[in-house]
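Protein chains in written order, with my numbering: chain A, 1 to 241; chain B, 1001 to 1324.
Source of the hints: derived by calculation from the structure; they are not laboratory data.
Cβ coordinates follow ideal geometry from the N, Cα and C atoms, glycine included.
Treat each hint with caution, since some may be false.
Claimed, not checked - Using 25 Å as the maximum straight-line C-alpha spacing, the simulated DMTMM-like pairs for lysine to aspartate or glutamate come out as follows:
1) A:Lys154 to B:Asp1191
2) A:Lys86 to B:Glu1306
3) A:Lys154 to B:Asp1193
4) A:Lys86 to B:Glu1177
5) A:Lys154 to A:Glu110
6) A:Lys154 to B:Glu1192
7) A:Lys154 to A:Asp64
8) A:Lys86 to B:Glu1192
9) A:Lys86 to B:Asp1191
10) A:Lys86 to B:Asp1193
Claimed, not checked - Stretches of chain B that chain A covers, calculated by requiring three or more beta carbons in the stretch to come under 8 Å of a beta carbon on chain A:
11) 1181-1193
12) 1199-1212
Claimed, not checked - One side of the interface only, derived from the structure: several residues of chain A facing chain B at Cβ under 7 Å:
13) Phe88
14) Met98
15) Gly100
16) Ala106
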Amino acid sequence: MLTLERVTKRFGGLTAVREVSLEVRAGDLLGIIGPNGAGKTTLFNVIAGYYRPDEGRVLFDGHDVTGRPAHAISRLGLTRTFQIVKPFGNLSVRDNVMIGAFTRLAGTREARAEAERVIGICGLGPHADARARALPLGLRKRLEVARALATHPKLLLLDEVMAGLNPTELGGMIDLVRRLHADGLTLIVIEHVMAAMMRLAQRIVMLHHGERIAEGTPREIASDRRVIDAYLGEEFVLADA
Amino acid sequence: MGALRVRAGAVVVFGLAALVPLATRDAFFLDSLILIVMWGALSAAWNVAGGYAGQVSLGHAAFFGVGAYSAALVGVRYGLSPWLGLLLGVALSIVAGGLIGYLSNRLKGPYFALSTIAFSQVLLIVVGRWRGFTAGSEGIPVPYHPGLWTLGLGKVAWVYLALALALVCYAVEVYLERSRRGYQLAGVREDEDAAEALGIATRRLKVWAVTLSAALTSVGGSLWAQYVGFVDPAYVFSIDLSVRFALNTIIGGMGTALGPWLGSILITSLETYLRATFAGMKTGFAGIYLIIYGVVLILVVRFVPEGLVGLAGRLRTRVAGASP
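Throw the hints in and build the complete structure from the sequences for me.
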């Protein structure tokens, strides 16, 4: 469904992403981990059309989308959430999600009905009339997911939707992502919350200094020497064992 | 519910305006009414870009002036109907609006506002210097030929023509509150990156909104020129005028359909009253209405930043809370 071929993105002298290749098949739930500054979000920005890669190609669903604008890629069925949430602050939760639904639907009534459905799935029902900017972070992260879901994506990129959540919110978010995946959605998930990642992902890719240094099942990744040295540390391995 | 209440407000405002000519034929009163409705419509046109799309322009006088001069010159130079001039003005404003809309993709916030001021000032200079065609800075009188085709109308007819323009602008605003395109535009205004992720071609949509706003403003300019009967560059391209469009809308409520007219009712009548009151006094008082104008703006921004429409909503909530 998604193929990255040796994608490179530089900012001046800094190479944020270096020759990263990836293959995501329909139904996958791929995790991306790595220390801060490893290039995870930059990679998302390249895939979703926010940055044009300096080298390499991005293929999605049979199209070469390299360098296409984000809105065109979104219409093809690839959308993303933002690590630093970007709600339409002055609009209600419902209106936020409706704008997502309008990606596929032309009528206001249909978009509203679809928004209600997605709001229900994401557990935002009691807050549908609240102004987005008045929501606490946990709910704004959910709104971020709801708005993206309303576009009916084939592939959804989640950028740290679990960061900063309390344990209850975290559990809810893990359930939500799991449910979406079970319903057939393909996902790529960036996450620092390793416990969540271990429970969710089928495969994990580790980025370090913009390069892909490891890939494997959660179990393989957790015992990979390079991953432990660069990111997890000995404590994680001991705690896991 | 809320939407219906606002529409009821529109019925009251436009309905009362339509009834006034039945009650009085007083020329001063009708003149004030026409100006209130017209400035309201022009502010609503500004609201399409400034309020709904979030592209705050301080150069909308450029489009107003293009419309005013198109209608006037087509009549004076070629003996054609001002309606044709109005259409020409719309065409020119679509081109100019597209250009300004394109600028809004490069420049944000204050930089965009500054570039629109510069644009209107360039037109002011060009029209002021191009004496052979535009009659330069002394301006041109618009000849009065009675009839609808020549727009030589009485005051009562002008009330209804101004109202027709107002209803068109209002309908555009309602469209922007209900339609897919309107919702998407709200998304663009709130956060462009997020809007892109939802499949919205943000740049194209902004250009569209600014262009639509420019075209409506041009229509208002054409009609104003024919109503007043005189066009000069220092007025029609002035920053004062651009600020007036913005001010009415900010005071009435940005991104609300009825707000521009509420702002216009307050500001236009205040201005008319103050001018009339202080006109006979010493020349030192000549500009005092501007000071009072400024004070009103400060008070509104300080105490009701969401505008008169927001104030009405707040009062309604309080009344509802007091009497269960």
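Now the hints, each set against the structure:
Straight-line distance between C-alpha atoms of A:Lys154 and B:Asp1191 comes to about 23 Å, which keeps the hinted pair within the 25 Å bound. For the hint linking A:Lys86 to B:Glu1306, the alpha-carbon distance of about 22 Å falls within 25 Å, and the restraint holds. A C-alpha spacing of about 20 Å is found between A:Lys154 and B:Asp1193, which places the hinted pair at or below 25 Å, so the restraint holds. A threshold of 25 Å between alpha carbons decides the hint, and for A:Lys86 with B:Glu1177 the separation of about 21 Å falls inside it, so the pair holds.
Proposed proximity of A:Lys154 and A:Glu110 is supported: the alpha carbons are some 20 Å apart, at most 25 Å. The straight-line distance between the Cα atoms of A:Lys154 and B:Glu1192 is roughly 22 Å, inside the 25 Å bound, and the hint therefore holds. A threshold of 25 Å between alpha carbons decides the hint, and for A:Lys154 with A:Asp64 the separation of about 16 Å falls inside it, so the pair holds. The straight-line distance between the Cα atoms of A:Lys86 and B:Glu1192 is roughly 9 Å, inside the 25 Å bound, and the hint therefore holds.
Distance hint between A:Lys86 and B:Asp1191 is fulfilled; the C-alpha atoms sit about 7 Å from each other, no more than 25 Å. Distance hint between A:Lys86 and B:Asp1193 is fulfilled; the C-alpha atoms sit about 8 Å from each other, no more than 25 Å. For the segment 1181-1193 of chain B, the stated coverage by chain A is satisfied: 7 residues place a CB nearer than 8 Å to a CB of that chain, which reaches the threshold of 3. Coverage of a stretch by a chain is defined here by at least three residues with a beta carbon nearer than 8 Å to that chain's beta carbons; for the segment 1199-1212 of chain B and chain A the count is 4, and the condition holds.
Because the smallest distance between the Cβ of A:Phe88 and any Cβ of chain B comes to about 4 Å, under 7 Å, the interface hint for this residue holds. Interface restraint check for A:Met98: the shortest CB-CB distance to chain B comes to about 6 Å, inside 7 Å, so the restraint holds. Against a cut-off of 7 Å between C-beta atoms, the interface hint on A:Gly100 holds, since the closest Cβ of chain B lies about 5 Å away. At a threshold of 7 Å, the smallest CB-CB gap from A:Ala106 to chain B is about 6 Å, leaving the interface hint in force.
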